Amino acid sequence: MSNFDAVESIERICFQGVVQRFRLIQERPDTLREAFAHLFRKQVSYHDFEALKGISFVIREGETVAIIGRNGSGKSTILKIIAGVYRPTTGVVKVSGKVAALIELGAGFHPDLTGRENIVLNGLLLGLTKEDIRSREQQILDFAELGEFIDSPVKQYSSGMFARLGFAIATEVDPDVLLIDEILAVGDAAFQEKCLAKIDDFRNMGKTIVFVSHAPDSVRRLCNRALFIHDGTLYADGRTDDVLANYESILRQTVSA
Amino acid sequence: MWQLIREIQKNRELIWALALKELQVRYKRSALGFLWALLNPLLMMIILTMVFSTVMRVPVHDYPIFLISTLLPWTFFSQSLAYSVESIVSNGDLLKKVYVAKSVFPLAAIVSNLINFLLSMIPLILLLVVFRFPFYWTWLYLLIPFVSLVLFTLGCGFFFAMVNVFFRDMAHILQILLQAWFYFCPIIYSLDFVPARYRPLFRLNPLAYPLNGFRLAIYYGQLPSWQSMGMSLACGVGALLLGYKLFQRSQDTLVFYV
Chain P
1 MSNFDAVESI
11 ERICFQGVVQ
21 RFRLIQERPD
31 TLREAFAHLF
41 RKQVSYHDFE
51 ALKGISFVIR
61 EGETVAIIGR
71 NGSGKSTILK
81 IIAGVYRPTT
91 GVVKVSGKVA
101 ALIELGAGFH
111 PDLTGRENIV
121 LNGLLLGLTK
131 EDIRSREQQI
141 LDFAELGEFI
151 DSPVKQYSSG
161 MFARLGFAIA
171 TEVDPDVLLI
181 DEILAVGDAA
191 FQEKCLAKID
201 DFRNMGKTIV
211 FVSHAPDSVR
221 RLCNRALFIH
231 DGTLYADGRT
241 DDVLANYESI
251 LRQTVSA
Chain E
1001 MWQLIREIQK
1011 NRELIWALAL
1021 KELQVRYKRS
1031 ALGFLWALLN
1041 PLLMMIILTM
1051 VFSTVMRVPV
1061 HDYPIFLIST
1071 LLPWTFFSQS
1081 LAYSVESIVS
1091 NGDLLKKVYV
1101 AKSVFPLAAI
1111 VSNLINFLLS
1121 MIPLILLLVV
1131 FRFPFYWTWL
1141 YLLIPFVSLV
1151 LFTLGCGFFF
1161 AMVNVFFRDM
1171 AHILQILLQA
1181 WFYFCPIIYS
1191 LDFVPARYRP
1201 LFRLNPLAYP
1211 LNGFRLAIYY
1221 GQLPSWQSMG
1231 MSLACGVGAL
1241 LLGYKLFQRS
1251 QDTLVFYV
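Protein sequence lines correspond, in order, to chains P and E.
Start counting the first sequence at 1; every next residue gets the next number (the numbering used here).
Start counting the second sequence at 1001; every next residue gets the next number (the numbering used here).
Since the hints were made in silico from the structure, they are not lab data.
These figures come from a predicted structure and were not determined experimentally.
A couple of the hints might just be wrong.
[Said to hold, decoys possible] The calculated DSS-like cross-link candidates involving lysine-lysine, where the alpha carbons are at most 27 Å apart (straight line), are:
{"#": "1", "chain 1": "P", "residue 1": "K155", "chain 2": "E", "residue 2": "K1010"}
{"#": "2", "chain 1": "E", "residue 1": "K1096", "chain 2": "E", "residue 2": "K1021"}
{"#": "3", "chain 1": "P", "residue 1": "K98", "chain 2": "E", "residue 2": "K1096"}
{"#": "4", "chain 1": "E", "residue 1": "K1010", "chain 2": "P", "residue 2": "K94"}
{"#": "5", "chain 1": "E", "residue 1": "K1028", "chain 2": "P", "residue 2": "K155"}
{"#": "6", "chain 1": "E", "residue 1": "K1021", "chain 2": "P", "residue 2": "K198"}
{"#": "7", "chain 1": "P", "residue 1": "K53", "chain 2": "E", "residue 2": "K1096"}
{"#": "8", "chain 1": "P", "residue 1": "K130", "chain 2": "E", "residue 2": "K1028"}
[Said to hold, decoys possible] Just so you have them, the derived chain E footprint on chain P, three or more residues with Cβ under 8 Å:
{"#": "9", "stretch": "77-85"}
{"#": "10", "stretch": "199-211"}
{"#": "11", "stretch": "215-226"}
Here a beta-carbon is modelled for each residue, glycine too, at the ideal position from N, C-alpha and C.
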C-alpha cells in the first residue's frame, strides 16, 4: 500500500502544533523541606525542557509509519501522547479508534502473580473486558509459548518470557492503532521473527501502525513512510528510503563534527 | 461527580481485579491464606476482650463490644488511607507507560479494605453470640453510617493519593495524623465521657458521626438523631466532592511527577 492510496481513508492520528514541555525533575521541590527552602531562597532554579517544539502531522488509516531520530529527540514522547499517557502542553491531538501501545512490554505485571493471573489483570489494564480475555486466553497462551511456566509467578520469568507474554496480551487488544516502541530489541531471533510476522498481520488487516526503532532494517521492512524527529521538531516526513538517507547523513555529520 | 460514577462503571472489572490482587498478594504464600482476613480481626478481638475483662477493667458494661463496634469501622478508614496514599505513586511506572484512568488505584485500595471490613463483621457477630449480647433491630440502620463512612473514606483517599504525588511527605504526615485522629474520635471512649465544655470541639470531627452511628446501632440498640444522620451523610458526600474535585484537577499533570 502506498501513501497515495491511503489519502482517501480516514485520519487516525492528527497532531497540530504539538508542544510538550517538561519541568526537569531534579529541580522540583520533592518534599516540604525543599519547598520551604525554595520559599526562603527565592531563587527560581527549575527550568523547562521542550521535548516537542510544535509538531504537526497526519497519519491515516492503514499507514505504517516509522518515527526515527536520535536518543532524546522526542520519539517516545510522541508515542506517549498518542497513547494518552501525556497530555500535550499546547497544540491539538486527535486520535480516533482504539489504541494499543507496545511501549514497554509487561508494564503492570505483578511479580507475585502467575502468568495466567497477570493475563487477566494486564488485559483489564489495557482496556479489555473479562469476557474478551476469557475468549482470547488460548490465543495468548499459544503465542507466548510459556508451557508450564504460565502457572508460576512472573518474577521467575526470564526477560524474554516476560516480553513474550506482554506482547501476546497487548496484541490481543485488537487495536485500530498499534504503537510499537523498540520492543523488538528483547527476545531471541525466533521471537523477533514472530513479532514481525504478527505486525505484518496487523498491516495486512489495514490497521494503522506507528513504529519507533533504531534498526533501519526493521523500519525498511515494515514502513512505507517515516517521520524524522530532530531536537523536538519534525525534520523530514516522506518515503522511508529518502528519510532514512537523510537521517543517516545527519547522523554522519554529527559524528564527524 | 457524574464523571466519577462513569469512571467506576467503565472500569468496574479492573477496580475489582486490582482490589482482589491486593488481597491475593497480601495473603499469598501464607499457609492459611485468605483465612487471615477472618483470623486477624478475630484474634485482635480476643486480645482486646482478655485485656479489658481481666487486666484493665473499664466501668462500661461489655466494654470489648463497645470498643470493637467503632474500632472495626475505624480500622477500615485508617487502612484504606494508608493504602490509597501510596496507590498512585507506587503505580507511577505503569501510569507512565499505559493510559489508565487514575482513579482506579485509590478506588481499588479502598475496595480491598472494604472487603476486609465486611469480612471482619463475621468475627464480630461471633463475639456477640459468645457474649450472649443481643442483636438489636437497629443493625438494619447500619447502612447509613456505612455509606457515609465509605464516601468519606473515598474523598480522603483521593485527596491523600493526589497530594502525595506532589509532596511525598504526605505519607509520613498521614501516619501521625491518623494516630492523633484515632484519639480524637469516640472509639476507646464515648462523647459522654468528654467534659461538656469540650464537646463542641469533638463535634467538629466529621468521622465522629458515622462512628457514633455504628456504636449506637450495634452496642446501644438506638437510632441517632436525624441531625446526626444528616451530618454523617453530608460529611461523606462533602468529602467525596472535595477530594475528587482536587483529584480530577491534577490527574492530567500527575504523570510528570510520579
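Consistency of the hints with the structure:
1. P/K155 to E/K1010: violated (30 Å)
2. E/K1096 to E/K1021: holds (21 Å)
3. P/K98 to E/K1096: At roughly 18 Å apart (the allowed maximum being 27 Å), E/K1096 and P/K98 satisfy the hint.
4. E/K1010 to P/K94: This hinted pair holds, its Cα atoms lying about 22 Å apart.
5. E/K1028 to P/K155: Distance of about 14 Å is within 27 Å: holds.
6. E/K1021 to P/K198: Violated - the C-alpha atoms of P/K198 and E/K1021 are around 31 Å apart, more than 27 Å.
7. P/K53 to E/K1096: holds (21 Å)
8. P/K130 to E/K1028: Roughly 22 Å separates the two Cα atoms, so the pair holds.
9. 77-85: Satisfied; 4 residues make the cut.
10. 199-211: As far as the stretch 199-211 of chain P goes, the hint is violated, because 0 residues have Cβ atoms under 8 Å from chain E.
11. 215-226: With 0 residues close enough to chain E, the hint is violated.
Checked against the numbered hints listed earlier, the structure breaks hints 1, 6, 10 and 11; every other hint is satisfied.
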